[in-house]
Amino acid sequence: MNKILPLVTTLLLLNLSRAYSHDDNASSLKLLIGKYKTSLDSVETVYKETMKELDTKKTRFSADNETTSLDLSSKIKFLEGKISSIEQERKLDIEANEAEVQKAKGILNTRYKAGLEAIICRHFIFLFNFNLFIFHN
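Everything in the sequence shown is counted per my numbering, starting at 507 for the first residue and increasing by one.
These are calculated hints, taken from the structure and not from any lab test. One should not assume that every hint holds.
What the hints assert, rightly or not - Listed next, the in silico SDA-like pairs over lysine to any residue satisfying Cα-Cα at most 20 Å (straight line):
(1) 597 / 608
(2) 541 / 551
(3) 611 / 599
(4) 543 / 555
Said to hold, decoys possible - Quick list of the computed label-pair ranges, beta carbon to beta carbon:
(5) 628 / 589: 56 to 64 Å
(6) 581 / 608: 34 to 42 Å
(7) 637 / 598: 56 to 64 Å
(8) 610 / 589: 26 to 34 Å
(9) 585 / 616: 43 to 51 Å
(10) 553 / 589: 49 to 57 Å
(11) 616 / 577: 57 to 65 Å
(12) 547 / 585: 52 to 60 Å
(13) 604 / 566: 50 to 58 Å
(14) 578 / 548: 38 to 46 Å
Built from N, CA and C at the ideal position, the CB exists for glycine as well.
From just these sequences and the hints, can you work out the full model?
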């Protein structure tokens, strides 16, 4: 509006000066003034409508920004919850794996002890048989 108004005013003054110098008839001057006043009013109307549209868009944009920030904060909270649930699942998996490792260690220790006992028994049986062989011969 600040750029349009001086232009319209300048055109109005140029046409008024031309009309006044060419035609001394007051009615043509009034007609010309009325014509430019109407065009100036229409420019003001367009300007006001444009400003209303901008205000509406500005309000809508700020509302969208607030909605977006609310959406983002809710998404962030959702993701934080998801991360904590994944961490909890990992802890449970680790605990379950540790329990399985302890169980496997127990099984291996039992087998090792049983194997060791078998070796010792075989050794004593061999020694017993060897002693029997030596003493009987």
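Outcome of the hint check:
{"no.": "1", "hint": "597 / 608", "result": "holds (16 Å)"}
{"no.": "2", "hint": "541 / 551", "result": "holds (15 Å)"}
{"no.": "3", "hint": "611 / 599", "result": "holds (18 Å)"}
{"no.": "4", "hint": "543 / 555", "result": "holds (18 Å)"}
{"no.": "5", "hint": "628 / 589: 56 to 64 Å", "result": "holds (57 Å)"}
{"no.": "6", "hint": "581 / 608: 34 to 42 Å", "result": "holds (41 Å)"}
{"no.": "7", "hint": "637 / 598: 56 to 64 Å", "result": "holds (58 Å)"}
{"no.": "8", "hint": "610 / 589: 26 to 34 Å", "result": "holds (31 Å)"}
{"no.": "9", "hint": "585 / 616: 43 to 51 Å", "result": "holds (46 Å)"}
{"no.": "10", "hint": "553 / 589: 49 to 57 Å", "result": "holds (52 Å)"}
{"no.": "11", "hint": "616 / 577: 57 to 65 Å", "result": "holds (58 Å)"}
{"no.": "12", "hint": "547 / 585: 52 to 60 Å", "result": "holds (56 Å)"}
{"no.": "13", "hint": "604 / 566: 50 to 58 Å", "result": "holds (56 Å)"}
{"no.": "14", "hint": "578 / 548: 38 to 46 Å", "result": "holds (44 Å)"}
Checked against the numbered hints above, the structure violates none of them.
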